[in-house]
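So the chains spell out like this:
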Amino acid sequence: MTFQAIYTLWLRELKRFWRAKSRIVGILAQSFFFLAIVGFGLNNIVEISGTSYTTFMAPGIVCMTIMFSSIFAGVSVLWDKQFGFLKEILVAPVSRLSIMLGKALGGATTSILQGLLVLFVVTAFGMVPFSIFGLTIALVIMVITSVTFVSMGLAIASKMDDPHGFQLIMNFLVMPMFMLSGAFFPIENLPAPLMFFVSIDPLTYAVDGMRSVLLGVSTYPLALSLGVLSVFCLTMLAIGACFFNRIT
Amino acid sequence: MAIIDVRKLRKEFNGLVAVDDISFSVGKGEIFGLLGPNGAGKTTIISVLATILKPTECEAKVCGYDVCSEPYDIRGCIGIVFQDPSLDEKLTARENLDFHARMYGMSSKKREDKIEEVLEMVSLQDRADSLVETFSGGMRRRLEIARGLMHYPKVLFLDEPTLGLDPQTRHVIWKYIVELKKKYGVTVILTTHYMEEADKLCDRIAIMDNGKIIALDTPEELKNSLGGDLIVLKGKDVQKLKSKLKKFATKIREFNSSLSLSVKDAEKSLPKIMRAVGGDKIDSIKMQKPTLDDVFLHYTGRRIREEKADKMSKFRARRMARMRR
Ligand SMILES: Nc1ncnc2c1ncn2[C@@H]1O[C@H](COP(=O)(O)OP(=O)(O)OP(=O)(O)O)[C@@H](O)[C@H]1O
Ligand SMILES: [Mg+2]
Numbered sequence: 001m002t003f004q005a006i007y008t009l010w011l012r013e014l015k016r017f018w019r020a021k022s023r024i025v026g027i028l029a030q031s032f033f034f035l036a037i038v039g040f041g042l043n044n045i046v047e048i049s050g051t052s053y054t055t056f057m058a059p060g061i062v063c064m065t066i067m068f069s070s071i072f073a074g075v076s077v078l079w080d081k082q083f084g085f086l087k088e089i090l091v092a093p094v095s096r097l098s099i100m101l102g103k104a105l106g107g108a109t110t111s112i113l114q115g116l117l118v119l120f121v122v123t124a125f126g127m128v129p130f131s132i133f134g135l136t137i138a139l140v141i142m143v144i145t146s147v148t149f150v151s152m153g154l155a156i157a158s159k160m161d162d163p164h165g166f167q168l169i170m171n172f173l174v175m176p177m178f179m180l181s182g183a184f185f186p187i188e189n190l191p192a193p194l195m196f197f198v199s200i201d202p203l204t205y206a207v208d209g210m211r212s213v214l215l216g217v218s219t220y221p222l223a224l225s226l227g228v229l230s231v232f233c234l235t236m237l238a239i240g241a242c243f244f245n246r247i248t
Numbered sequence: 249m250a251i252i253d254v255r256k257l258r259k260e261f262n263g264l265v266a267v268d269d270i271s272f273s274v275g276k277g278e279i280f281g282l283l284g285p286n287g288a289g290k291t292t293i294i295s296v297l298a299t300i301l302k303p304t305e306c307e308a309k310v311c312g313y314d315v316c317s318e319p320y321d322i323r324g325c326i327g328i329v330f331q332d333p334s335l336d337e338k339l340t341a342r343e344n345l346d347f348h349a350r351m352y353g354m355s356s357k358k359r360e361d362k363i364e365e366v367l368e369m370v371s372l373q374d375r376a377d378s379l380v381e382t383f384s385g386g387m388r389r390r391l392e393i394a395r396g397l398m399h400y401p402k403v404l405f406l407d408e409p410t411l412g413l414d415p416q417t418r419h420v421i422w423k424y425i426v427e428l429k430k431k432y433g434v435t436v437i438l439t440t441h442y443m444e445e446a447d448k449l450c451d452r453i454a455i456m457d458n459g460k461i462i463a464l465d466t467p468e469e470l471k472n473s474l475g476g477d478l479i480v481l482k483g484k485d486v487q488k489l490k491s492k493l494k495k496f497a498t499k500i501r502e503f504n505s506s507l508s509l510s511v512k513d514a515e516k517s518l519p520k521i522m523r524a525v526g527g528d529k530i531d532s533i534k535m536q537k538p539t540l541d542d543v544f545l546h547y548t549g550r551r552i553r554e555e556k557a558d559k560m561s562k563f564r565a566r567r568m569a570r571m572r573r
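If you read the protein sequences in the order shown, they are chains A and B. According to my numbering, numbering within the first sequence proceeds without interruption in unit steps and concludes at 248. According to my numbering, numbering within the second sequence proceeds without interruption in unit steps and concludes at 573.
Worth double-checking, as some hints may not be accurate.
Below, in silico cross-link-like pairs of lysine to aspartate or glutamate (DMTMM-like), each with a Cα-Cα straight-line distance of 25 Å or less [claimed, not checked]:
#1 Lys81/A x Glu368/B
#2 Lys302/B x Asp80/A
#3 Lys338/B x Asp80/A
#4 Lys87/A x Asp531/B
Stretches of chain A that chain B covers, calculated by requiring three or more beta carbons in the stretch to come under 8 Å of a beta carbon on chain B [claimed, not checked]:
#5 14-20
#6 90-98
Honestly, the hints are just simulated from the structure, not real lab data. Keep in mind the model is a prediction, meaning the values are calculated, not measured. All C-beta atoms, glycine included, are put in the ideal place defined by N, C-alpha and C.
Turn these sequences into a full structure, and let the hints guide you.
Given below as structure tokens:
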């Protein structure tokens, strides 16, 4: 494992991120779209655990931003493959693990930046109360969440040949994970069969933990959410590294 | 001393034999050419030796390391210019080179100097800070070559390095490849469709067809193997000419409406041939030393030139497809 190689790959992700402004705008617009239309639309009708609906939704929207951008960052390896650049990376005297880590850290950094921007906006508009402690733990949750989903994206991309299957991943993996995570509604009242899927969805714990530190309401204890999320994160990292190791 | 040692290398793609039990070795500091028509297996050999493709049978060593069990050691000692595009289009030329240099662990001072040096060599200094997506096909190729030369590899693989370049740039690249060998003792494995390139640069050439090496020698010896000089005649009745002239030639071949005769000494044979032809009509007569093109024709029954135009358009189409995306 070489630090310089990891840093080099990380730097590339950041440069590309900075240049793909339309992509950033797209992901942020999607977040604000949900918040503005769904949130404000339901604000007067729905009240959950004594908080307004927009406030209830805000932590979920931050997590959604992180998840979407992280998966996308991981799957972007497919575009490297398409444009031939992956060969240049793979033929360098650098271990596959360093390459995977460089990609993962780069993708995580860019998606945390986007998550922070959304978090900043919802805090500035007063949807989430300002607290240094809350925001610090929120950042920790964001880091773990993004590493989990970038690794998931990398693992999936290692098993695919070209970006054509990307839409499939969106429809059958990313959207269900998002819908079941409790970002939009409290999960307590869901029927048992659905609850099973909710409980194996990493995003559930991210959203719940985030809600716990930002709003003080949660389904699970914070320590449990953080623990489960960390286990997901390490597992996904291991799977990602293992799959990536076999890429040719 | 052999820096590349290949013994019975074999690669199959779902039953299709792309490389068929090939053996050869390349000495340190040698420029070794792989020449062959499309699909001969040149890229497959290079990919296996550069450890980006696993062979079916592993019996090959590069820099003393085994391609299957020690790929990581090999990667540190080789450089490669791929046949297909491999640049990051969202980075500038300089950033692409910088990325490469960092991945190969070059220090920052060395990086900067070397980037300037290679940019100048391929005349891209004034476009160094433009995004690669704004580059023409030829400019991209030049940048890829510059990148392959960034770190001083012991073995450099060049898969059709000058395809699509203008003659001027091609000459600059040739000069640099020869310099690499002379100054730094770099071993170069090169595939090409340009006969002139192979003839001029390579110390030894392996002619490939259908996954096999069908001839391997120095360009001189390959040309001599045709049995001396060539005399090419064009005439009305090729068959008749052929029967009359058979006795003067060591080898005789028909090619379209012309006849090519291999003779020991063209200067001495020409008058005899003219006398033997007698009253029969010939349109033209030409005397030449054999070229690699003739060697290629001799061994494969095809002219590689015919494929060149085709190849070029394929190459262009591929680049265009990339750009449109
Ligand atoms: N990934 C692959 N899957 C299946 N078949 C392949 C693959 N790569 C190459 N082949 C086949 O292997 C054979 C050799 O291909 P290769 O690319 O080595 O030829 P080449 O000599 O480099 O040709 P060219 O001059 O066109 O570059 C061809 O028949 C090709 O179809
Ligand atoms: Mg090839």
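Verification of the hints:
1. Lys81/A x Glu368/B: Cα-Cα ~29 Å, so violated.
2. Lys302/B x Asp80/A: This hinted pair holds, its Cα atoms lying about 21 Å apart.
3. Lys338/B x Asp80/A: holds (11 Å)
4. Lys87/A x Asp531/B: This hinted pair is violated, its Cα atoms lying about 53 Å apart.
5. 14-20: holds (count 4)
6. 90-98: holds (count 6)
Hint compliance for this structure: hints 1 and 4 are broken, all remaining hints hold.
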